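Student: Chains as they are written, first to last, in the working numbering: chain H, 1 to 212; chain U, 1001 to 1241.
Derived from the structure by calculation, the hints contain no laboratory data. Computed from a prediction, not measured in an experiment: that's the story for all the values here. For each residue, glycine too, the CB sits at the ideal point set by N, CA and C. Don't take every hint at face value.
[Stated by the list, open to error] Incomplete in silico selection of chain H near chain U, CB under 10 Å:
{"no.": "1", "residue": "Gln144"}
{"no.": "2", "residue": "Glu145"}
{"no.": "3", "residue": "Val175"}
{"no.": "4", "residue": "Asp182"}
[Stated by the list, open to error] Heads up, simulated SDA-like pairs for lysine to any residue below, C-alpha to C-alpha not over 20 Å straight-line:
{"no.": "5", "chain 1": "H", "residue 1": "Lys96", "chain 2": "H", "residue 2": "Ile174"}
{"no.": "6", "chain 1": "H", "residue 1": "Lys186", "chain 2": "U", "residue 2": "Val1021"}
{"no.": "7", "chain 1": "U", "residue 1": "Lys1131", "chain 2": "H", "residue 2": "Thr154"}
{"no.": "8", "chain 1": "H", "residue 1": "Lys116", "chain 2": "H", "residue 2": "Ile174"}
{"no.": "9", "chain 1": "H", "residue 1": "Lys116", "chain 2": "H", "residue 2": "Asn83"}
{"no.": "10", "chain 1": "U", "residue 1": "Lys1117", "chain 2": "U", "residue 2": "Ala1139"}
{"no.": "11", "chain 1": "H", "residue 1": "Lys186", "chain 2": "U", "residue 2": "Arg1217"}
{"no.": "12", "chain 1": "H", "residue 1": "Lys186", "chain 2": "U", "residue 2": "Asp1223"}
{"no.": "13", "chain 1": "H", "residue 1": "Lys96", "chain 2": "H", "residue 2": "Thr86"}
{"no.": "14", "chain 1": "U", "residue 1": "Lys1117", "chain 2": "U", "residue 2": "Tyr1095"}
{"no.": "15", "chain 1": "U", "residue 1": "Lys1117", "chain 2": "U", "residue 2": "Asp1133"}
{"no.": "16", "chain 1": "H", "residue 1": "Lys186", "chain 2": "H", "residue 2": "Ile174"}
{"no.": "17", "chain 1": "H", "residue 1": "Lys96", "chain 2": "H", "residue 2": "His135"}
{"no.": "18", "chain 1": "H", "residue 1": "Lys186", "chain 2": "U", "residue 2": "His1202"}
{"no.": "19", "chain 1": "U", "residue 1": "Lys1131", "chain 2": "U", "residue 2": "Gly1115"}
{"no.": "20", "chain 1": "H", "residue 1": "Lys186", "chain 2": "U", "residue 2": "Asp1218"}
{"no.": "21", "chain 1": "H", "residue 1": "Lys34", "chain 2": "H", "residue 2": "Lys116"}
{"no.": "22", "chain 1": "H", "residue 1": "Lys186", "chain 2": "U", "residue 2": "Val1222"}
{"no.": "23", "chain 1": "H", "residue 1": "Lys116", "chain 2": "H", "residue 2": "His135"}
{"no.": "24", "chain 1": "U", "residue 1": "Lys1119", "chain 2": "U", "residue 2": "Ala1130"}
{"no.": "25", "chain 1": "H", "residue 1": "Lys34", "chain 2": "H", "residue 2": "Gln57"}
{"no.": "26", "chain 1": "H", "residue 1": "Lys186", "chain 2": "H", "residue 2": "Gln133"}
{"no.": "27", "chain 1": "U", "residue 1": "Lys1131", "chain 2": "H", "residue 2": "Glu152"}
{"no.": "28", "chain 1": "H", "residue 1": "Lys186", "chain 2": "U", "residue 2": "Ser1043"}
{"no.": "29", "chain 1": "H", "residue 1": "Lys34", "chain 2": "H", "residue 2": "Thr86"}
{"no.": "30", "chain 1": "H", "residue 1": "Lys97", "chain 2": "H", "residue 2": "Arg22"}
{"no.": "31", "chain 1": "H", "residue 1": "Lys186", "chain 2": "U", "residue 2": "Gly1044"}
{"no.": "32", "chain 1": "U", "residue 1": "Lys1119", "chain 2": "U", "residue 2": "Ala1135"}
{"no.": "33", "chain 1": "H", "residue 1": "Lys186", "chain 2": "U", "residue 2": "Arg1220"}
{"no.": "34", "chain 1": "U", "residue 1": "Lys1131", "chain 2": "H", "residue 2": "Ser151"}
{"no.": "35", "chain 1": "H", "residue 1": "Lys96", "chain 2": "H", "residue 2": "Gly69"}
{"no.": "36", "chain 1": "U", "residue 1": "Lys1131", "chain 2": "U", "residue 2": "Glu1162"}
{"no.": "37", "chain 1": "H", "residue 1": "Lys186", "chain 2": "U", "residue 2": "His1022"}
{"no.": "38", "chain 1": "H", "residue 1": "Lys186", "chain 2": "U", "residue 2": "Pro1042"}
{"no.": "39", "chain 1": "U", "residue 1": "Lys1131", "chain 2": "H", "residue 2": "Glu155"}
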Amino acid sequence: MFARTLDGEIIILSIILGMSIRHALLALLSEGPKYGLQLRQEFESRTGEVWPLNVGQVYTTLQRLERDGLVESEDAGGAGPQNVFTITPTGSDELKKWLRMPPDVVPPPRDELVIKVLVAMRVPGVDLPELLQAHRRHLVQVMQEYTRLKSEITEGEVEVSLVVDSELFRIEAIVRWLDTTDARLKRLPARTASGAPTSAPRVGRSIAGVRR
Amino acid sequence: MSTAVELRHVSKVYGSGPTEVHALREVDLSVRSGELVAVMGPSGSGKSTLLTIAGTLEEPTSGDVFIAGQQLARLSRHDRARLRRRSIGYVFQNYNLLAGLTAVENVALPLELDGVKAKVARAAAMEVLAKLDLAERAARYPDELSGGESQRVAIARAVVGERRLLLADEPTGALDSLSGETVMRMLRLASNDGVAGVVVTHDAQMASWADRVVFLRDGRMVDQTVPGSGPDSLLTPGANA
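Make the full structure from the sequences, and use the hints.
Tutor: Shown next as structure tokens:
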């Protein structure tokens, strides 16, 4: 049974998982100058300490950021624990640019579920509506867990709501795709004895297209 | 918790001969007090028919319906009407509030129609409006309320008094996402208070507020979610949604 173990900070994790350490550090430095060690601690605490960061990763990243002119440190000699790092105007620009950069939605990722359904259309004996329903049920169950989490969120935890909403809309889109697929397949002409649709060659091309 | 509504092997056929339509086929569904159940399915899958039969507005062609343990087929027309009036509340997509009455008057109406004194009915209506965070809107007329507020007033009207079964047909269909969410939170609240709720929706996000989601297809109940069977943890590394 799902137990709520998250707080407003931990939720940042899922955002950060999709973002580089580089931009995470720039985001932390946008709040003001910080020590390298402090950056590591804040990074870990904001990810609920579920994503421990190797201290070497922090300093290597800071060195690269400094090399690229995105941060500067008091001591040009190195990236030691006592060094204070400050974001530069170029660094701020980079952070702002990254925030506005469209997410990588095109070209579409190779979708496992789409491939499974396309393959299932060619496998004799597969009950397609039943298969679609099994996936639909699983997805709705996941949505129920997210909604349960949302129902426990207090007003002060707006970050959690935003991430949960984003997941709910993403999964809902997959459910809608399943619904549309279900309806579309229902309209198809009768299938051949082998279970393969009469339009097999077109499906073959579709699968090839997805592979790209 | 007791069973608020139970459908046993319920089938519904409209028309006959070549125009025969099987809207429901051998549906078994039981909803406990305090449970919120969502019914999902494509258009024509029998969702609304299921709701009207559960709400005693229509009779099944075959099978049995029990409301709070009472078998409908064994009740007289008079008793059935009384059961419907006192035990069941309905919520529709387009709110169905009476335009000439204020929010609190709309909510008090079912009690007054059932013979409750106006003052008592009004107090009960105010109490449920307050619970649904609408106390300040009590004196407003429907055309002064937003869509979300109107639907919450409709929920208040559906649960006022001793109503223990709430049936909602696409209650969030005309609302934006956040207003829809508020309405679902209110339905959740009502069920936490012991009301059994059945919500028909094609919207998976709204359905996900329910304890259990049942899926209809071509008049059959083909599947349902199992409460608490989702992933153990969300938003953790490796969690696979």
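Student: Hint by hint, note whether the structure agrees.
Tutor: Cross-check of the supplied hints:
1. Gln144: holds, 5 Å
2. Glu145: holds, 4 Å
3. Val175: Status holds, d = 4 Å.
4. Asp182: holds, 7 Å
5. Lys96(H) / Ile174(H): Not satisfied, since the Cα-Cα distance of roughly 31 Å exceeds 20 Å.
6. Lys186(H) / Val1021(U): holds, 18 Å
7. Lys1131(U) / Thr154(H): holds, 18 Å
8. Lys116(H) / Ile174(H): holds, 13 Å
9. Lys116(H) / Asn83(H): violated, 52 Å
10. Lys1117(U) / Ala1139(U): holds, 19 Å
11. Lys186(H) / Arg1217(U): holds, 12 Å
12. Lys186(H) / Asp1223(U): holds, 18 Å
13. Lys96(H) / Thr86(H): holds, 16 Å
14. Lys1117(U) / Tyr1095(U): Violated: lysine 1117(U) and tyrosine 1095(U) sit about 25 Å apart, past 20 Å.
15. Lys1117(U) / Asp1133(U): violated, 24 Å
16. Lys186(H) / Ile174(H): Distance ~18 Å between lysine 186(H) and isoleucine 174(H) Cα, so the pair holds.
17. Lys96(H) / His135(H): violated, 38 Å
18. Lys186(H) / His1202(U): holds, 18 Å
19. Lys1131(U) / Gly1115(U): Cα-Cα ~24 Å, so violated.
20. Lys186(H) / Asp1218(U): holds, 11 Å
21. Lys34(H) / Lys116(H): Violated: lysine 34(H) and lysine 116(H) sit about 48 Å apart, past 20 Å.
22. Lys186(H) / Val1222(U): holds, 16 Å
23. Lys116(H) / His135(H): holds, 10 Å
24. Lys1119(U) / Ala1130(U): Holds: lysine 1119(U) and alanine 1130(U) sit about 16 Å apart, inside 20 Å.
25. Lys34(H) / Gln57(H): Satisfied, since the Cα-Cα distance of roughly 16 Å is no more than 20 Å.
26. Lys186(H) / Gln133(H): holds, 14 Å
27. Lys1131(U) / Glu152(H): Within the cut-off at roughly 18 Å; holds.
28. Lys186(H) / Ser1043(U): Distance ~13 Å between lysine 186(H) and serine 1043(U) Cα, so the pair holds.
29. Lys34(H) / Thr86(H): holds, 7 Å
30. Lys97(H) / Arg22(H): holds, 13 Å
31. Lys186(H) / Gly1044(U): Judged against 20 Å, a Cα distance of about 13 Å means the pair holds.
32. Lys1119(U) / Ala1135(U): holds, 16 Å
33. Lys186(H) / Arg1220(U): Distance ~16 Å between lysine 186(H) and arginine 1220(U) Cα, so the pair holds.
34. Lys1131(U) / Ser151(H): Holds, at roughly 17 Å.
35. Lys96(H) / Gly69(H): Status holds; Cα separation ~15 Å.
36. Lys1131(U) / Glu1162(U): With Cα atoms ~15 Å apart, lysine 1131(U) and glutamate 1162(U) stay inside 20 Å; holds.
37. Lys186(H) / His1022(U): holds, 17 Å
38. Lys186(H) / Pro1042(U): Holds, at roughly 12 Å.
39. Lys1131(U) / Glu155(H): holds, 18 Å
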